[in-house]
Structure formats: C-alpha cells, structure tokens
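There are 2 protein chains.
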Amino acid sequence: MKLNPADDALAQSIRNSLGDDVLRPVAERYVEEPRRRFSGHVGLLALPRSAADVSTLVRLASDAAVPVVPYGGGTGLVGGQVMPDGPAPLLISLERMTAIRAVYPDENVLIAEAGAILADVQTAAESANRLLPLSLAAQGSCQIGGNLATNAGGVNVLRYGNARDLCLGLEAVLPSGDIWHGLSRLRKDNTGYDLRNLLIGAEGTLGIITAAALKLYPQPSSIGTAMVQVSSPEAAIALLALARDQVGEGVSAFELIHQQGLAFLSEVLPDVRQPFSTQPEWCVLIELGLPVGSDPSSKLAALYEAAENHDLVGEAVIAQNEAQRQDLWAVRENIPEANRLIGSVSSHDISIPISRIPEFIRRGADIVAGFGPFRINCFGHLGDGNLHYNVFPPIGANRSAFEAQRHHIKRAVHDLVHTFDGSVSAEHGVGRLKADDLERYGDPAKLTAMRAIKTALDPQGIMNPGAVLK
Amino acid sequence: MKLNPADDALAQSIRNSLGDDVLRPVAERYVEEPRRRFSGHVGLLALPRSAADVSTLVRLASDAAVPVVPYGGGTGLVGGQVMPDGPAPLLISLERMTAIRAVYPDENVLIAEAGAILADVQTAAESANRLLPLSLAAQGSCQIGGNLATNAGGVNVLRYGNARDLCLGLEAVLPSGDIWHGLSRLRKDNTGYDLRNLLIGAEGTLGIITAAALKLYPQPSSIGTAMVQVSSPEAAIALLALARDQVGEGVSAFELIHQQGLAFLSEVLPDVRQPFSTQPEWCVLIELGLPVGSDPSSKLAALYEAAENHDLVGEAVIAQNEAQRQDLWAVRENIPEANRLIGSVSSHDISIPISRIPEFIRRGADIVAGFGPFRINCFGHLGDGNLHYNVFPPIGANRSAFEAQRHHIKRAVHDLVHTFDGSVSAEHGVGRLKADDLERYGDPAKLTAMRAIKTALDPQGIMNPGAVLK
Numbered sequence: 001m002k003l004n005p006a007d008d009a010l011a012q013s014i015r016n017s018l019g020d021d022v023l024r025p026v027a028e029r030y031v032e033e034p035r036r037r038f039s040g041h042v043g044l045l046a047l048p049r050s051a052a053d054v055s056t057l058v059r060l061a062s063d064a065a066v067p068v069v070p071y072g073g074g075t076g077l078v079g080g081q082v083m084p085d086g087p088a089p090l091l092i093s094l095e096r097m098t099a100i101r102a103v104y105p106d107e108n109v110l111i112a113e114a115g116a117i118l119a120d121v122q123t124a125a126e127s128a129n130r131l132l133p134l135s136l137a138a139q140g141s142c143q144i145g146g147n148l149a150t151n152a153g154g155v156n157v158l159r160y161g162n163a164r165d166l167c168l169g170l171e172a173v174l175p176s177g178d179i180w181h182g183l184s185r186l187r188k189d190n191t192g193y194d195l196r197n198l199l200i201g202a203e204g205t206l207g208i209i210t211a212a213a214l215k216l217y218p219q220p221s222s223i224g225t226a227m228v229q230v231s232s233p234e235a236a237i238a239l240l241a242l243a244r245d246q247v248g249e250g251v252s253a254f255e256l257i258h259q260q261g262l263a264f265l266s267e268v269l270p271d272v273r274q275p276f277s278t279q280p281e282w283c284v285l286i287e288l289g290l291p292v293g294s295d296p297s298s299k300l301a302a303l304y305e306a307a308e309n310h311d312l313v314g315e316a317v318i319a320q321n322e323a324q325r326q327d328l329w330a331v332r333e334n335i336p337e338a339n340r341l342i343g344s345v346s347s348h349d350i351s352i353p354i355s356r357i358p359e360f361i362r363r364g365a366d367i368v369a370g371f372g373p374f375r376i377n378c379f380g381h382l383g384d385g386n387l388h389y390n391v392f393p394p395i396g397a398n399r400s401a402f403e404a405q406r407h408h409i410k411r412a413v414h415d416l417v418h419t420f421d422g423s424v425s426a427e428h429g430v431g432r433l434k435a436d437d438l439e440r441y442g443d444p445a446k447l448t449a450m451r452a453i454k455t456a457l458d459p460q461g462i463m464n465p466g467a468v469l470k
Numbered sequence: 001m002k003l004n005p006a007d008d009a010l011a012q013s014i015r016n017s018l019g020d021d022v023l024r025p026v027a028e029r030y031v032e033e034p035r036r037r038f039s040g041h042v043g044l045l046a047l048p049r050s051a052a053d054v055s056t057l058v059r060l061a062s063d064a065a066v067p068v069v070p071y072g073g074g075t076g077l078v079g080g081q082v083m084p085d086g087p088a089p090l091l092i093s094l095e096r097m098t099a100i101r102a103v104y105p106d107e108n109v110l111i112a113e114a115g116a117i118l119a120d121v122q123t124a125a126e127s128a129n130r131l132l133p134l135s136l137a138a139q140g141s142c143q144i145g146g147n148l149a150t151n152a153g154g155v156n157v158l159r160y161g162n163a164r165d166l167c168l169g170l171e172a173v174l175p176s177g178d179i180w181h182g183l184s185r186l187r188k189d190n191t192g193y194d195l196r197n198l199l200i201g202a203e204g205t206l207g208i209i210t211a212a213a214l215k216l217y218p219q220p221s222s223i224g225t226a227m228v229q230v231s232s233p234e235a236a237i238a239l240l241a242l243a244r245d246q247v248g249e250g251v252s253a254f255e256l257i258h259q260q261g262l263a264f265l266s267e268v269l270p271d272v273r274q275p276f277s278t279q280p281e282w283c284v285l286i287e288l289g290l291p292v293g294s295d296p297s298s299k300l301a302a303l304y305e306a307a308e309n310h311d312l313v314g315e316a317v318i319a320q321n322e323a324q325r326q327d328l329w330a331v332r333e334n335i336p337e338a339n340r341l342i343g344s345v346s347s348h349d350i351s352i353p354i355s356r357i358p359e360f361i362r363r364g365a366d367i368v369a370g371f372g373p374f375r376i377n378c379f380g381h382l383g384d385g386n387l388h389y390n391v392f393p394p395i396g397a398n399r400s401a402f403e404a405q406r407h408h409i410k411r412a413v414h415d416l417v418h419t420f421d422g423s424v425s426a427e428h429g430v431g432r433l434k435a436d437d438l439e440r441y442g443d444p445a446k447l448t449a450m451r452a453i454k455t456a457l458d459p460q461g462i463m464n465p466g467a468v469l470k
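So the sequences go chain by chain: A and B. Going by full-length UniProt numbering, the residue at position 37 of the first sequence is 37; the numbering climbs one at a time, nothing skipped. Going by full-length UniProt numbering, the residue at position 427 of the second sequence is 427; the numbering climbs one at a time, nothing skipped.
With the rest of the complex left out, here is chain A (with noise of 0.2 Å):
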C-alpha cells in the first residue's frame, strides 16, 4: 500500500487528540544507531503516556496510512529502529512509559512498562529479594519492550532462556489501534494462539509492546565465578557438559573467549585487568548461581579437578571476592567495547548447533583468510551456540579500507553458518540489516506464512516497514 509521510496535518489530529505534550522535537539520537550502519529519517517523533496514548497514535497513523516505529532504548545493532527511507515515519518513542506496575514476590512476577530501562527492571526485582536474569551489555539504557520486541539474549540464556522465555503475558497496541490486554501471570494459559510470542521478536512490525509480565526467580543465595584456560573450543564444551552434569541448572553462565578479544583489551582498553599472565588461546568465563547451603567455590573446585583429569583446562582463576568476580566480568563486558574500538569490517551474531562449533570455527577461519589478512574475534554465548563472530582489519589497518569487501565477507561467513543449519541472527534481531538474509536462508514456505500474518494483522503496512520483511 501506498503510504504517506508524518505531516503536519496528523501532528494537528495528535495535538487535537492527545495535547500539546506527547509530540517532541527530534533529537539527533532519535535517527541514530550504534554502529552507524543506518541513519533514519523521522517525520513526528510523540511520546506516548500510556497504552491508550499509544492507541491513538497508531489509529490516527492508520488513518493517514503514516509509517510508525516503534523507538526503545535505540541500543538495537541491525537497524530496527531507523527508517531511513520511504515517507518520513512517525516514531513512537516508549520513554516516558517506564512504571514497575507491580510485584508479585510470591509469584515470581513483575510487570513492567515498555519503556523501563532494563536495569531498573533488574533493581524492582532485587529490591523484592528476586532475580529478572536478562542480562546484556546494554542494560544501562537499553529498554524492556525493546529486549522483548527483538527477543533479547545475553549471558543468562543457558539458565534461564532468551527475553521471550522470561515473558508471561503483554499488553500491546496492534496496527489497528487496538490494545491486547495480555498481562497474564500464569505460568500455564492454552486458551487460544500464542500472540504473545508471535510479538516477541516480531521487531515492532506486528504491533507496539507497552507492557509485559515477566517471569522472576529466585536469587541465587551464592555465586561462583571463574575464568579457565580450555585447550581448545571441543574442550570447551566438554567443559561444559561436566559442568551440567555436576551442577546441573547451576551453571548460570558459559561465556567463550578468544585470545584475540583479550589483545583487544590490551591494545585499546588497557585499564581492564587480564586474568591470565600469558594471554591463552581460548578460555571460558564459568558462572555458577546456587541455593541454600551449597558453596559455589568447592564446587567450581570440583569441576576444575575433574576437567584437568579429562586434560581439558590449563590455568584457572576461580573469584574469590566480589570485587574478583567483577573483574573477571569486566573482560567479557568489555570486549564489545572494544571490538567498537578498533572497528570490524563485519560482524555476525550467529548461532550454531554446539556440536558442530570447532568445526565451524576452522571453516570460518579458513574462509575469512582467503579474504585476507584479517583478525578474528570469536567470542559469546557457547552454551547457546550463539557466537559473535566478528572480522577486523589487520594490525594497523581501518576498516575503512576493507569497506568493499565486507558485503563479500558477511556473505561468505552467513553462507557457512547456513550450511551448518545455524542461524545469521541469533540474539540481535533481523532488523532492516538482515531482512536480505532472511530471504536468502528463510525457509519459503515459513517466509509466506510470515508476509500472510504480516498482511493479516497489518494491512497497510503501517508498522515498521522494511524491518523483518522487505
């Protein structure tokens, strides 16, 4: 369908509707994104009070067949959230939407506005003795309708799943203007399909979160931490199989780390204290999260025993304070940092079968070398599969110059990843940089449903277009 730019003509029905308030001038940062792949254009940017603010925007916008986008924390990394072309778009920015509506210790629940930043979503839940386990590097700003709306991942997925397994219910506006009132808090509900989940990482095309039921847990009474030299990526994962064995749901978090994200950190944030004299090849970051009476330390001591019998591990610095656990978290934390530091010429947030890992990371090496000289940084999520895999510049070199081959590289990286039925977007979204990708390595027959619910549930087209689905 033919749409039409945000004019003046609907700002006046927004005033005339909702006040002078909602409508805002658009700062710079609205048309931004991280890693200025995209910039946007924005025709009105309004800053709804509440889910009917909210409806009305997206009625008025359907009327005048006006692009809408949805707008969180803007910490998306493929684009999700700028239009940068087409009629200027009017961006709905959940900002001002930031309520703990409630806290049901006893249930495990909480329910928040889309517009809460993430960590203080995380504070409203420890400040009633619970834990919300989503954990990602842009929890200081990032948002928790965004985390939903792009099914966020992080560092506790391998515990306690991805943002969409923490979410029990949503309160939503769909492209008609209507409002979902979903805010279920029951861990079991069959009555009817599963829209809620069919939201979650729909990436705003299918409808605006304005509010979700999330899913608490308990918080672990103590925390284990340690960094361990693996001899190699198999040895990381049969790391962590004896962990599971021995801890079982204990281990909260399974993080792999190359040795060139470490000389990362060296070379440009050298503040951030390395927990190895010699930089090895490859180690993991093992966090253990445990009840009542079981001591992580002894524990992780275990583990490292029974791994050295398998001549699984080299070094190990198990954390033996608080302030050790943050410095050992510190060099995760960081690497994304740094990987911005010196520039990647592509960066791919892929996922593979674990199984299949040390192989896949031999035929990317191989693959990427035959493009040049690169450097790879390996890193992430082992015990979700879920890698970033991201290729820089030789030594010396700006990704500026490589700017020609990395269509060519991410090609040749997702090619391979599609061939060890993984996937090219693993916890980041599709966004508008990986829509090419879907319809590339999309299954046909899951790609026609999609467009068929998308033109379902969103005629016109309203709704973020061009993210997700060209």
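One thing to keep in mind: the hints can contain errors.
It does not matter which identical chain is meant; a pair holds if it fits inside one copy or across any two.
[As the list claims (entries may be wrong)] Derived pair list, reagent style BS3-like, types lysine-lysine, alpha-carbon separation capped at 30 Å:
| # | residue 1 | residue 2 |
| --- | --- | --- |
| 1 | Lys454 | Lys2 |
| 2 | Lys470 | Lys454 |
| 3 | Lys410 | Lys2 |
For the record, the hints were derived by calculation from the structure and aren't laboratory data.
Using the hints, position chain B against chain A.
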C-alpha cells in the same frame, strides 16, 4: 467458505497420488474421545508415512475444499480430535510416523516424528542418558505431535516448562500443503516471526506438525520424593517457596492433593497404597531431582524441618527407595482414573495466579455448594497455578442425574476463574469443548487477531474446523 465431505472422488485422488496403502477403514476409536462428550464422524482416514505424504493429503483436501482433522494419540480431553458435525472430514492420523530421527546427546536435542508415543520418546532420551521432561498421565498412548499441538503440560512444568518450552524446532505441513522445514537444533534463532510457537497450541487449526526438535536435559543424578501433609493451600504455597529457596531449580514437581482424591482412591481403586493412616485434608507430593554429589533425602529432611518450624506441615513420608517412590506417584497418577470411575458432573482445567489460589478454593467451594451437595476434587500442579477442579455428584448419586446442571456449574466456575485473572484452559487446550469459553472470556483484540491469522494461513478454513475458533 463452503466445505465438502471427504468422498470417493477424494479417495481416488489420494490413491492415485499415494497408492492404496494410505487410506484405511475407520475404526471406532477415531470417532471417540476419552470423556465421551463428543462423537465424531469421518469421511476418510489416511495414515501417511512421511511429511511428503501429509503435504499431498493436505493439498488434495485443499483442492477439494474438504476439512482435515489431524489425529494424534486420541487422548485429548477437549474434543480437538473429533469433528461431530459439518461435512465428513479427512482424518489424518500420524500413527505411522513414529521415527526418532536423530539424537544429539552433546547438544541435548532429539528429533522425533509427530506420531512417536511420548513414552517412547522419553525412552529414546534415556537411552542417550538424557531426560525428556514432558511427563503426563497419558504418556503411554499420547503422541508428541499432539502434545505440541495442544501445548501439553504435566507434572514437570514447574521445573522444565510445558511442551512449548521443550521444543526448539518443527517440521509442519501448512494449510496450503507447503512443508515448513523448521527443525532447528538452535537455542537462539531470531530470524523472523515465531511460527513454531504459533503452531504449538493451535490444535491443528493452522497446520499439521510432522516432526519436532525437542530439548533434552541431563538426567538428575538422584531423585527424592516425599508426600507431606500441609495445613492449608496457603501452607502448601509457603512450602513451595521454601523449597525453591532451599533447592532452587531442583524442585521438579509439586502436586497438591485433596482429601477427596484420597477418598475416591479408597472407594474405587482400593489397591492403591495410601500414604497416611488418616487421610489429611491437604497434602503435597514433592519431587527433587539433583545433580551429582547432592543427597535429596537430606535436602527433603532439611526442608521438612524448616517447614515444621514455620508450622506449615504435618506428617510426611519420604520415599526410601524406588518402589516407595512409585507408590507415592501412584497416588497422584491414579486420581484422574478414580475421577473417571466416579464420574464428574463437570471438570475444569484451570489456572490462577498462584497467590490467589487459596481464596479461589474457598470461593469455589461456596459457589459449587450453591448448586447442591456436590463433592469437589481439587488437585494438581500447584507450582504452576494449575488446578484440576472437578465437581462430582453427592455420594451414592450418578452424574447422569445432573446433566442439566453441568453447564451452569461449569459456567459459574469459569466465571469465577475469569474474575481471578485465571485461565479456563490451563493445559488441556480449547478444542471444541471450550470454544465458547474462548469467545466469552478471550480478549477481543486477541480474538480478532487470531481470526485474521487463521484466515491468512487457512483461507478456506479446512484445518480442524470448529476447534479453538468457532
């Protein structure tokens, strides 16, 4: 759209495409369902051997505008598998598609065809030293495809989630006849709309699941099981919270049992060994599954001591060996059979926000008492907020005397559930039994969206017409 009955012409097309082997005579069991609330009719019965066969069958039915009813183990309790009126459908039974296609112990993944019996899938996982946690009373005859189509629950949802949570990927035939090849083994995959969760729980109205990639878990190293008297539902909830504080995710099952269930066992299944000399008003069955190096008996003893200090519990039986464990489970697992033998006036598979369950139980008793001296057997998966709330005739009476009251009792109980923000279909699905309830209690925006999705994917309305959506 107007549909046609499955007739000789369709039979001939099927034989032409798939040979003489796929169509079979219609045995009695294909038109019955366990509670005998519905009896179906069938035009043709097809037993496909592969997803390709299913695709051909659906395509031929679509061309002829003939309704299709997918048939699993036939154990569903809401009439989703029987079509009582309208043009006689093509029934597609998955019973010949029983292969375990692959097991990946290192990845904790198993791929099973839809017709595999749940118990056989459990056994295949066990053979690889892994656990498929889906466990429910019908596991000896229900099929994994049906479990997924209805998003089945069972006794381990508290720890491992329901069927939805145990599925990584699907192969399915969509209403167009297209095969969706979505058997992902990935833990993270954000490439497009969540078609998997849309098909799960859609009860065959959006397509036919032909195979599934399922999540496995490590086998718990040791299991501890206890039956504990509690003073009230409130005490049971407090005991659950205490157990989760002390044992974390190690709590695998937490089942509430009412005196009425124990009394029914005495009445109609006297061979089932009762745990207590005097039947308590309320008791719970707790099971812990723990990793290497943990002793569940001592954990249960410590939990019991802590619960005693909080005045939550009375007498308790901790199983000392596997035979005693089986005895305790036999109590829980025979209650549905005892219910069946007694014959309920009305059965309700409901869920309630956990903290409101005690109040619901009190209010429910008052409401049912208003209809007469009925007996209530309220039991089930307390940890999930999922109660089986079944209403029985007074002692000495038969349910047939109360047929006229059934609808009114059901309505009153469901209305109460709705005012408690609960669900009238927790784990059994909607089927045909609760399609009216869905219209009565469902969110209007969600219902509109569901209808739009149904029409988009199945424009002729051939897939299981009358189930879920009227």
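Against the structure, the hints come out as follows:
1. Lys454 to Lys2: Both: 16 Å inside a chain and 26 Å across chains, each within 30 Å.
2. Lys470 to Lys454: Cα proximity of Lys470 and Lys454: in one copy and across copies (11 Å, 23 Å).
3. Lys410 to Lys2: neither (33 Å within a copy, 50 Å between copies)
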